[in-house]
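**Student:** Residue numbers (this note's numbering), protein chains in the order written: chain L, 1 to 281; chain X, 1001 to 1281.
Derived from the structure by calculation, the hints contain no laboratory data.
Each residue gets a CB set at the ideal place from its N, CA and C atoms; glycine is no exception.
Any given hint might turn out to be false.
As the list claims (entries may be wrong) - Cβ pair distances, simulated, as ranges:
| no. | chain 1 | residue 1 | chain 2 | residue 2 | range |
| --- | --- | --- | --- | --- | --- |
| 1 | X | GLY1170 | L | PRO104 | 24 to 34 Å |
| 2 | L | ALA100 | X | LYS1119 | 17 to 27 Å |
| 3 | X | ALA1033 | L | ARG277 | 30 to 40 Å |
| 4 | X | LYS1035 | L | ARG277 | 25 to 35 Å |
| 5 | X | GLU1273 | L | ASP169 | 45 to 55 Å |
| 6 | X | ALA1280 | L | ARG11 | 30 to 40 Å |
| 7 | X | LYS1035 | L | ALA215 | 50 to 60 Å |
| 8 | L | ALA103 | X | ALA1027 | 24 to 34 Å |
| 9 | X | ALA1187 | L | LEU146 | 53 to 63 Å |
| 10 | X | LYS1035 | L | GLU255 | 29 to 39 Å |
| 11 | L | PRO266 | X | PRO1214 | 31 to 41 Å |
| 12 | L | GLY21 | X | ASP1270 | 25 to 35 Å |
| 13 | L | PRO32 | X | LYS1035 | 28 to 38 Å |
Number of protein chains: 2
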Amino acid sequence: MTARPLRELLRVPAGQRLDLGRRDPAATPAGPADKAAGRAATAAMAQPLGSFQERLYAASTAGDRRRLLLVLQGMDTSGKGGTVKHVAGLFNPSGCRIKAFKAPTAEEREHPFLWRVRKALPQPGEIGVFDRSHYEDVLIARVRELVPPDRVERRYAEINRFEESLADDGVTVVKAFLHISYEEQRARLLARLDNPDKHWKFSPDDIDERALWPAYQEAYELALERCSTGAAPWFVVPADHKWYRNWAISKLLLEHLEEIGPRYPPGDFDVGECRARLLAT
Amino acid sequence: MTARPLRELLRVPAGQRLDLGRRDPAATPAGPADKAAGRAATAAMAQPLGSFQERLYAASTAGDRRRLLLVLQGMDTSGKGGTVKHVAGLFNPSGCRIKAFKAPTAEEREHPFLWRVRKALPQPGEIGVFDRSHYEDVLIARVRELVPPDRVERRYAEINRFEESLADDGVTVVKAFLHISYEEQRARLLARLDNPDKHWKFSPDDIDERALWPAYQEAYELALERCSTGAAPWFVVPADHKWYRNWAISKLLLEHLEEIGPRYPPGDFDVGECRARLLAT
Chain L
1 MTARPLRELL RVPAGQRLDL GRRDPAATPA GPADKAAGRA ATAAMAQPLG
51 SFQERLYAAS TAGDRRRLLL VLQGMDTSGK GGTVKHVAGL FNPSGCRIKA
101 FKAPTAEERE HPFLWRVRKA LPQPGEIGVF DRSHYEDVLI ARVRELVPPD
151 RVERRYAEIN RFEESLADDG VTVVKAFLHI SYEEQRARLL ARLDNPDKHW
201 KFSPDDIDER ALWPAYQEAY ELALERCSTG AAPWFVVPAD HKWYRNWAIS
251 KLLLEHLEEI GPRYPPGDFD VGECRARLLA T
Chain X
1001 MTARPLRELL RVPAGQRLDL GRRDPAATPA GPADKAAGRA ATAAMAQPLG
1051 SFQERLYAAS TAGDRRRLLL VLQGMDTSGK GGTVKHVAGL FNPSGCRIKA
1101 FKAPTAEERE HPFLWRVRKA LPQPGEIGVF DRSHYEDVLI ARVRELVPPD
1151 RVERRYAEIN RFEESLADDG VTVVKAFLHI SYEEQRARLL ARLDNPDKHW
1201 KFSPDDIDER ALWPAYQEAY ELALERCSTG AAPWFVVPAD HKWYRNWAIS
1251 KLLLEHLEEI GPRYPPGDFD VGECRARLLA T
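Turn these sequences into a full structure, and let the hints steer you where they fit.
**Tutor:** Written out as structure tokens, the structure is:
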């Protein structure tokens, strides 16, 4: 018996309604039994993930344009930064291109919203990670009414065309929504307040954003419904348990890298001749 | 008794002649007893390195401009890439900015040699790693006579001024020459030839470069003599033993981060008030 891939369990079906209220943030679908087992299973993926990454990079030196882009979205404290640290940290940093998107700068605001995203894409052979992304332009932009509703509306289609062009250019796009509960967010924000070493991560604005929780959940549902496509599906990752979140993201990446199946390129030189020349030195 | 810092043992003294022939590439000064102990000691530095990195990054969110730049130079197979993988891999990748410099592109050749380097510098709070650097412009440029000798000569002073300006702007520059022996390079190149999965890392040009070994050693001696300054010293890291190289670079970084001594910034909000607001949600 072959286990059903995690990507099938967590994928948002294209063209269907999504009700986040019916997805349990504390669930652990197909996951290890507990935290200890989860951590061990994640650590055990470091070797195969690193091996795939090396082959992906090696293949790019021979002209293979394929690469992988992990897009992380989620409410404050959902664990985007923790995922970068614990999952992206499993890879060789030299082949990773990590970008945390903040509020757009003055220069960025003068360009179309995808401009800054195009500049941060992984190059052939690389593993890219976006901590927030162009989805902010249909999330906070919608909730905070930063642009008119009809412009937000057009952006879903723009995003789908953009991501399809990425897929055509060899980019495997893996989009993960880190799904936490309202209660878990409160507990994590409190933990930040109660530890002075974490005050730098906290802002009173976080509480204002939290007050808009229902509007954000709705904006996420819309974004995930409209933009979960065959070329670039969305995955809802239950994230109340950090160990499950790290395991699930690692597993999703592993499944996609297995599908890419990069191979070491052959050398274009005469091994015997080089060997002889080298031994003569 | 306090052990003498590794940085003092490995530093190239400013203003003195350097004879690389008298530095043993297989030495393990102040290092652990063997490979197993070396690996364990390096792994044990992951926690303090990560902790310093987080504090450095946190401080930058409150305006602290300090950051660290590790510059890696060395002959082919000396382990620049391996150091990035095993040492930079100890840090949180979101706070690392890693740049591997290749032969300059057409665009880069149209600019002064420091242009592409300035664009790749770590931002405040980041750990930067250069795999090769502006030193190629006084190494291969000298050995291969890519530019006239008097221009190479002027570059040493330009580099010193550049690195002093970095230090003035809060950049701790740690320059490590990975010192391997001629015999060890042969063994490593042969190992690449003998493993088809490593052929992508090999080029017959590597043998041509190897033929210029004495000229490169001389170019390194000159660069390290001229550019080991108070603001940005060079360290000669014996690199025939990979485990020692990884330990020594980790230790050098730890010593420099300890000296920087970054602190978590205090919050600028009323904790009690935020706590009450949060508990009401």
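**Student:** All the hints need checking, so say for each whether the structure fits it.
**Tutor:** Against the structure, the hints:
no. : hint                             : in the structure
1   : X/GLY1170 x L/PRO104: 24 to 34 Å : holds, 26 Å
2   : L/ALA100 x X/LYS1119: 17 to 27 Å : holds, 19 Å
3   : X/ALA1033 x L/ARG277: 30 to 40 Å : holds, 38 Å
4   : X/LYS1035 x L/ARG277: 25 to 35 Å : holds, 31 Å
5   : X/GLU1273 x L/ASP169: 45 to 55 Å : holds, 50 Å
6   : X/ALA1280 x L/ARG11: 30 to 40 Å  : holds, 37 Å
7   : X/LYS1035 x L/ALA215: 50 to 60 Å : holds, 57 Å
8   : L/ALA103 x X/ALA1027: 24 to 34 Å : violated, 51 Å
9   : X/ALA1187 x L/LEU146: 53 to 63 Å : holds, 60 Å
10  : X/LYS1035 x L/GLU255: 29 to 39 Å : holds, 35 Å
11  : L/PRO266 x X/PRO1214: 31 to 41 Å : holds, 33 Å
12  : L/GLY21 x X/ASP1270: 25 to 35 Å  : holds, 34 Å
13  : L/PRO32 x X/LYS1035: 28 to 38 Å  : holds, 32 Å
Of the numbered hints stated above, the single one contradicted by the structure is hint 8.
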